[in-house]
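Protein chains: 2
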Amino acid sequence: MSLEFQIHHTDGAARRATMRLPHAAVETPVFMPVGTVASVKALPQHFLEELDARIILGNTYHLYLRPGHELVRRMGGLHRFMSWDRAMLTDSGGFQVFSLNELRKVKEDGVEFRSHLDGSKHFFSPEHSMEVQIALGADICMAFDECTEYPADYARARQSLDITLRWAERSKKYFDEHRHERPWDLHIPGVEDRGMNHSGTGLRGEGPDGFAGLQPNLFGIVQGGMYKDLRRESAERLVEMDFPGYAIGGLSVGEPRNLTLEVIAETLPYLPKDKPRYVMGVGFPDEIVEYAKMGVDMMDCVLPTRAARHGMLFTSEGRLNMKNKQFAEDQGPVDPECDCPTCRRYTRAYLRHLMVAHEPLAATLNTLHNLAFYLRTMEKVRAQIAAAKSDAGTAAAPAAG
Amino acid sequence: MSLEFQIHHTDGAARRATMRLPHAAVETPVFMPVGTVASVKALPQHFLEELDARIILGNTYHLYLRPGHELVRRMGGLHRFMSWDRAMLTDSGGFQVFSLNELRKVKEDGVEFRSHLDGSKHFFSPEHSMEVQIALGADICMAFDECTEYPADYARARQSLDITLRWAERSKKYFDEHRHERPWDLHIPGVEDRGMNHSGTGLRGEGPDGFAGLQPNLFGIVQGGMYKDLRRESAERLVEMDFPGYAIGGLSVGEPRNLTLEVIAETLPYLPKDKPRYVMGVGFPDEIVEYAKMGVDMMDCVLPTRAARHGMLFTSEGRLNMKNKQFAEDQGPVDPECDCPTCRRYTRAYLRHLMVAHEPLAATLNTLHNLAFYLRTMEKVRAQIAAAKSDAGTAAAPAAG
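Residue numbers (our numbering), protein chains in the order written: chain W, 13 to 413; chain H, 13 to 413.
Chain W on its own, in the form it takes in the complex:
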C-alpha cells in the first residue's frame, strides 16, 4: 500500500482526511508549497518543517533541465538531494512545456521543445515524463497531459482531451512497469543519511524495512477545456483506468474565476469519493477555502511564494503591498493574528525597509509569512470540517497497492 486515503469527517461535499504516502502522512485538505527547482524559493527547509508543511511540489520540466533527473537519481532522489524527508509531488512537465508556446511542437508521440535556458532541443513523451519523475522519486507523480490553452473551441478541446487520454494510458503503463525503480533505497556508502530524518512526521520509510514495498503513486489529470461534457468524459475514462488519485488540470490558464469554479463544480461529481482530488495551480486564499469546501483535497500554486518576493503579503486583514510608504514606521507585525516566525519577530517597518532596499532577506521573511498564512488557512478549514461532526468512522479507503 503506497497511498492510503482515510476520510475522518465530512461536511457536505468537504472531507477531512489523512493521505498516507511513503514519506509522510498528509492531513487534507492541503495546500502544497511549490519548490520549483528543488527549493521553495528563498526558504531554508527547516522553516517549512516549522510551518508543518508535509508535502511540497517539484517541477519536472525545471528539474529535468537542471540539475537533471539522472543526477538526482544518483543522489538518492529529490528528497535526499534537497534534504526534505517529508512527502513530495512532481508535475508531469506538461504545463511548463505547453507554456513555451513558440518553442514547442506537439506530435502523437510527445512534445518536442526547446529549453528556455539555452535553446537546446528536447523531447518529452508520456514514457519519458514517467522515467524522469520516477528518477526524481516523488511520492506522487502526475500523468503526462496536454494542458489545453484558453480560450479553446470545442473541436480543439476535444482533440486535446483525446491525446491526453491516450497519453494517460501510456503514462500508466510505463509507470506501473517501472515505479519500483524509485531511488529511495539507494545506499551511498557513508553518506546515506545526510540531510535526512529531520522531521520524522509520518515518515513511513523510517521503519526497520525502510521503504520496502512502498512505491510512488501516479495520478491522472482531467482535461477538457471549459466544456462540461468533455470534462465528464475525461473524468470517467480516467476513472476506468483506476488511478489512486485524480487531478483537475487546465485551469488557471487565463479563464475568469467564476468559470474555474464552475468547471471544478461540474467535474468533482465524476471523481471517486474515496480517492484524493487535486486541483492544480490554484489560487488566492479565499479560492482555496472555497474549493476545499466543495470537496477538493489538494491544491498548489506559486502565488504565495511569488507574491511574497514582490512584497505582496496575505493577512487576516487583507493583502498588503509591503513597498507602500504607509508601512515605513509601522511597528506592528504583518498580521496580528499570525504566529509565524516573521510575525513573531519582525515589524512591518522593517519588512518595508528590506523591500525598498532590495535586501534578499525580504524574500525569505515574506515567503515564510505567506506560506504560513496559506497553511494556517487550510488548517482552519480542516478544523471546521472536523467540527461539523459528521464522523466518517473508520472508513479507510485504500486507493493503491
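By construction, these hints were calculated from the structure, which means they are not laboratory data. Please note: incorrect hints may appear among the correct ones.
As the list makes no split between identical chains, a pair holds if one copy fits it or if it spans any two.
As the list claims (entries may be wrong) - Taking lysine-lysine and the DSS-like style, the derived pairs with C-alpha atoms no more than 27 Å apart in a straight line are:
{"no.": "1", "residue 1": "K240", "residue 2": "K285"}
{"no.": "2", "residue 1": "K285", "residue 2": "K119"}
{"no.": "3", "residue 1": "K185", "residue 2": "K285"}
{"no.": "4", "residue 1": "K117", "residue 2": "K185"}
The hints should help you fit chain H onto chain W, whose structure is shown.
Just chain H, lined up with the frame of chain W:
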C-alpha cells in the same frame, strides 16, 4: 560604565578578553559580521544567534540614505528596528563617502557628496556623522575620518591625517555632549518589546533599570597612510584625546598584504594595552588569525558574506568555488569539520545546484557557512590564547564611563 574591557589571558601580544557593551558581552578577539543596511545579507537574524555572533556592524552611510537615521531613531534605534538585541557597531560613513570618488568634495568642515542611489546632494561633517550614529544607536560609534587613499604620497597622507585629527576632536566633542540621546529607552506604547529579548546573551539593558546609565561608546580611528611616523603621530594624538577604544583605519584600500601587516605591527605598540584595538575591513581567514595573534581585538570585513553570495566558501580544506562542476555529485558537506546548519544538513551537490540554478537559497546557506567558519576561526584563536595559561588575573580595565 558603558564599555568594560577585561583581559583574561595573554599570549605574547595576543589577548583573550571580554568587552562588556550595553547590549552584549563580546568575547575577543572577535570577527564582526557586516550588516550593511540593517541586515546581514540573506541571513535571518536567528541564524546569527545560532552562530553565537555577539556583535554585528551597520554602515552609517547606507542607513542614513535608507531608511534614514531619523526614522530608525523613531523606531527605537537599529537594534529594535532590525530585531537584534545584541551589540552593534556603526562606522562613521567616512569610508563609504570616500569610496564615491567623483561624487564627493572634501572641505575643512566636512564632505559634500552625492547619493549613489539617486544622485541627491548630501553633506557629512563630524557633528553630523555623530548625530546620525547616535540616532542609529549602536553600542560603538566611530569618529568621522578621512580614509586616505592608496597610494598617497607623504604630503597627501600628512594633510589627510591632519584633517582626520581635527575631525576626531570635533567628533568627540559632539558625541560627549549628545550620546545620552541614544534611542534605547524609547517607549513605543504596546509594541516596545517587539522583536527584542531573543537571545539574552549579556544584554545589560535587560535589568530592572533598563539602559539607565548606559551610553554608546566612541572609538578613534588611526590614519596616516602607509607611513610609520604618521601612524605613530595619529595614534599618540588620539590616545591623548582618551577614547574607550581605537581603530586602525585606511587599510585594505588596495595596498599589498605585507604592507597591511607592517602598518598594523607598527601601529599597535602606540595604542593602549588596556583598551580594545580594532582593525577595520580585514580580511581572509588566515589574516584575521594573524592579526589576532599580534594583539588585535576586533575585526570586520564583507569578505565572508560577499564571497558567499558568489559561491566562494571558506573551509578547513581551503577555499571552494561552489559553482565548479566537480561538486555536482559531491554528497559530502561543504566542510567535514564544520557543524553549522548548512554543513549539518546540506550536501555540496545541493549547494552547487542552488548556485547554478540562481536559487536565492544559495546566498542564505553559503553566508551561514562562511560566517560560521569565520566565527569558529576566532573561537579557536580565543581558545589558543586561553590555553597559553598566562592568566591576566582580575585585571579589569574600565575604559569608559
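- Which hints from the list above does the structure break, by number from lowest to highest? Number 2 only.
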